[in-house]
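Protein sequence lines, in the order shown, are assigned to chains A and B. With our numbering as the guide, the letters of the first sequence map in order to residues 182 to 426. With our numbering as the guide, the letters of the second sequence map in order to residues 182 to 426.
Since the hints were made in silico from the structure, they are not lab data. Note that beta-carbon positions come from the ideal geometry of N, C-alpha and C, so glycine has one too. Some hints here could point you the wrong way.
With a straight-line Cα cutoff of 25 Å, these simulated SDA-like cross-link-like pairs (lysine to any residue) come out [to be verified]:
(1) K348/B / T389/B
(2) K386/A / I424/A
(3) K212/B / A393/A
(4) K212/B / D337/A
(5) K319/B / V313/A
(6) K271/B / T403/A
(7) K212/A / D356/B
(8) K368/B / V239/A
(9) K319/B / S362/A
(10) K212/B / K304/A
(11) K197/B / Q396/A
(12) K266/A / S184/B
(13) K368/B / K304/A
(14) K319/A / K271/B
(15) K304/A / T389/B
(16) K212/B / T257/A
Interface residues of chain B toward chain A, partial, derived using beta-carbon atoms under 7 Å [said to hold, decoys possible]:
(17) E216
(18) G302
(19) S417
Far from chain B by the CB rule (all over 12 Å, computed), these chain A residues [said to hold, decoys possible]:
(20) R200
(21) H203
(22) Q215
(23) L243
(24) K251
(25) T310
(26) S327
(27) Q346
(28) M366
(29) N407
(30) A413
(31) E418
2 protein chains.
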Amino acid sequence: MLSKSQIKLITSLDKKKYRSKHQLFVVEGIKSIQEFLNSDYKLNLLFSVEDILQKNEVNTNLITEFELKKISFLSTPNCALAIFKIPEVKAIDHNSLVVALDNISDPGNLGTIIRLCDWFGIKDLICSTNTVDCFNPKVVQASMGSLCRVNITYLDLEYYLKNKQMKPIYGTFMDGESIYSSTVMNKGILVLGNEANGIGEEIEKTVTDRIAIPQFGNSRETESLNVATATAIMLSEFKRRTIEK
Amino acid sequence: MLSKSQIKLITSLDKKKYRSKHQLFVVEGIKSIQEFLNSDYKLNLLFSVEDILQKNEVNTNLITEFELKKISFLSTPNCALAIFKIPEVKAIDHNSLVVALDNISDPGNLGTIIRLCDWFGIKDLICSTNTVDCFNPKVVQASMGSLCRVNITYLDLEYYLKNKQMKPIYGTFMDGESIYSSTVMNKGILVLGNEANGIGEEIEKTVTDRIAIPQFGNSRETESLNVATATAIMLSEFKRRTIEK
């Protein structure tokens, strides 16, 4: 059963304003929900068309597919929808490589980057306050459960980089040194910039190591790489070197 | 001016059936259109809200923003829309690394992979016949102009790999050898598989070198990487090695 007030609450959670107000967000799909249940995240409500999660000893509210359609943010709803509590902010571990995002606006890109951080064992992801919210339903969906394994902190990135004295600060720029030949450490901060404008001017000033992914094609017209594919290549390079050392 | 028959033609081009019938496809946005005009692709019709492309000595049909909205496939139309002719299939150059896609279904993934091929100087991309069509408007949009610089051939991939005797054939599998330590050449075929099911069974049999991107995170629950980010890392590794040799 699904009450009117539950429908109102859940559908409001696509807006950051209401996620902040209620301190809740939506996770859809059995696999992702199970991963969040196995993590430190606290469940608030669980709706499912089948009693599939009984082993986890959580209360499933059985609903019809018609009801699920009313509350799902997906064009093809995926059996179950859960509401979790937004966790408290954890301290950032500065003893390993931290990824920082400056003004990433596309939810799909942020979700893909969270999934990459999880794959490459990056524990902390820092986001500028103008980066898209990681509890946005599209981000949660694109992160495929990885969101519950990466600690994400929103903060004033410019202030943080200027005052934290964390070095080195790697930044990706077209004119940077080739990532294949530059010296990288498994410590410090790797900054990635906005989809259209790259890293902002003030944040650029804090960068100690300008790095780039060399282009192998001949065309001058080729667009720079998408920020999520650039992150994939950068993290692969940073991590590969740490094995070889 | 925009005639009724032009509107009917253009809006029909989101379907493969009509693209094949007319041998035409749509490119939107000034930057992408200019890249296609500078390539071997032949223009059929060009519509724009401003006469921005006059230098290219092509006839621009000036239309209003209201008219552009009627024919655009974008939620925010981008000043200009052009119709180009689908080019004839060119021979595949087997003397360098060729990328082959087995049943890629997401237009955004195919567009991103085309953009990656362009960046890493991959001249030929082979697609199984059940891979999403590269002239689909969403693919053209995601490829950001790179489509005009990569030769794309749709063929029976299983038959091709079994009979072409092109070696090595690299395939990505969870149990493959680490890409960081395996021997790779700047020749042969790199096969990437479907988003949900990976490389199909029959195509798997043709693979001579099973490779993988090692996972650095600790979780067993982490999803495998998205096919576009996996392609990014694979191409970066293949190309990096060729510099260092």
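Results for each hint:
Restraint check: the Cα-Cα separation between K348/B and T389/B comes to about 7 Å, which is no more than 25 Å; the hinted pair holds. At roughly 31 Å between alpha-carbon atoms, K386/A and I424/A are farther apart than 25 Å, so this suggested pair is violated. Between K212/B and A393/A the CA atoms are separated by roughly 23 Å; this keeps the pair inside 25 Å, and the hint holds. Between K212/B and D337/A, the direct Cα distance comes to roughly 34 Å. Violation of the 25 Å bound is thereby established for this hinted pair.
Proposed proximity of K319/B and V313/A is supported: the alpha carbons are some 23 Å apart, at most 25 Å. Note on K271/B and T403/A: the hinted pairing holds, with a Cα-Cα distance of about 21 Å set against a maximum of 25 Å. Using a Cα cut-off of 25 Å, the hinted pair K212/A and D356/B holds, with the two alpha carbons roughly 22 Å apart. Proximity of K368/B to V239/A is assessed by CA-CA distance (about 53 Å); at most 25 Å being required, the pair is judged violated.
Taking the CA atoms of K319/B and S362/A, the gap is about 36 Å. The hint is violated against a cut of 25 Å. Simply put, K212/B and K304/A have alpha-carbon atoms about 38 Å apart, too far for the 25 Å limit, and the pair is violated. Pair hint K197/B plus Q396/A does not hold up; C-alpha atoms about 32 Å apart against a cutoff of 25 Å. For a cut-off of 25 Å, the pair hint linking K266/A to S184/B is broken: about 54 Å separates their Cα positions.
Distance check on the hinted pair: K368/B and K304/A sit about 37 Å apart at the alpha-carbon level, beyond 25 Å; violated. Restraint check: the Cα-Cα separation between K319/A and K271/B comes to about 39 Å, which exceeds 25 Å; the hinted pair is violated. Taking the CA atoms of K304/A and T389/B, the gap is about 36 Å. The hint is violated against a cut of 25 Å. Among the hinted pairs, K212/B with T257/A is inconsistent with the structure: their alpha-carbon atoms are about 34 Å apart, more than 25 Å.
Taking 7 Å as the C-beta contact cut-off toward chain A, the hint placing E216/B at the interface holds, the least distance being around 5 Å. For G302/B, the interface hint holds, since its Cβ comes within 7 Å of a Cβ in chain A; the closest pair sits about 4 Å apart. This hint holds: S417/B has a C-beta 4 Å from the nearest C-beta of chain A, less than the 7 Å allowed. No Cβ of chain B approaches the Cβ of R200/A within 12 Å, the least distance being about 24 Å, so the stated non-interface status holds.
Listed as a non-interface residue, H203/A keeps its Cβ farther than 12 Å from every Cβ of chain B; the least gap is roughly 27 Å. Listed as outside the interface, Q215/A is inconsistent with that label: its C-beta sits roughly 8 Å from the nearest C-beta of chain B, within the 12 Å cut-off. With a minimum CB-CB distance of about 25 Å to chain B, L243/A clears the 12 Å threshold, and the non-interface call stands. Annotated as non-interface, K251/A keeps its C-beta farther than 12 Å from every C-beta of chain B; the closest such distance is 24 Å.
The non-interface label for T310/A is consistent with chain B: the shortest C-beta to C-beta separation is roughly 25 Å, beyond 12 Å. For S327/A, the non-interface assignment is contradicted: its Cβ lies about 6 Å from the closest Cβ of chain B, within the 12 Å cut-off. At the 12 Å boundary, the C-beta of Q346/A stays outside the reach of chain B, the nearest C-beta of that chain being 27 Å off. Annotated as non-interface, M366/A keeps its C-beta farther than 12 Å from every C-beta of chain B; the closest such distance is 15 Å.
Distance check for N407/A against chain B: the nearest CB is about 6 Å away, which does not clear 12 Å, and the non-interface claim fails. A413/A, annotated as away from the interface, has a beta carbon of chain B within 12 Å; the closest lies near 4 Å. The Cβ of E418/A sits about 7 Å from the closest Cβ of chain B, inside the 12 Å cut-off, so the non-interface label is violated.
Violation of the numbered hints given earlier is confined to hints 2, 4, 8, 9, 10, 11, 12, 13, 14, 15, 16, 22, 26, 29, 30, 31; the remaining hints are satisfied by the structure.
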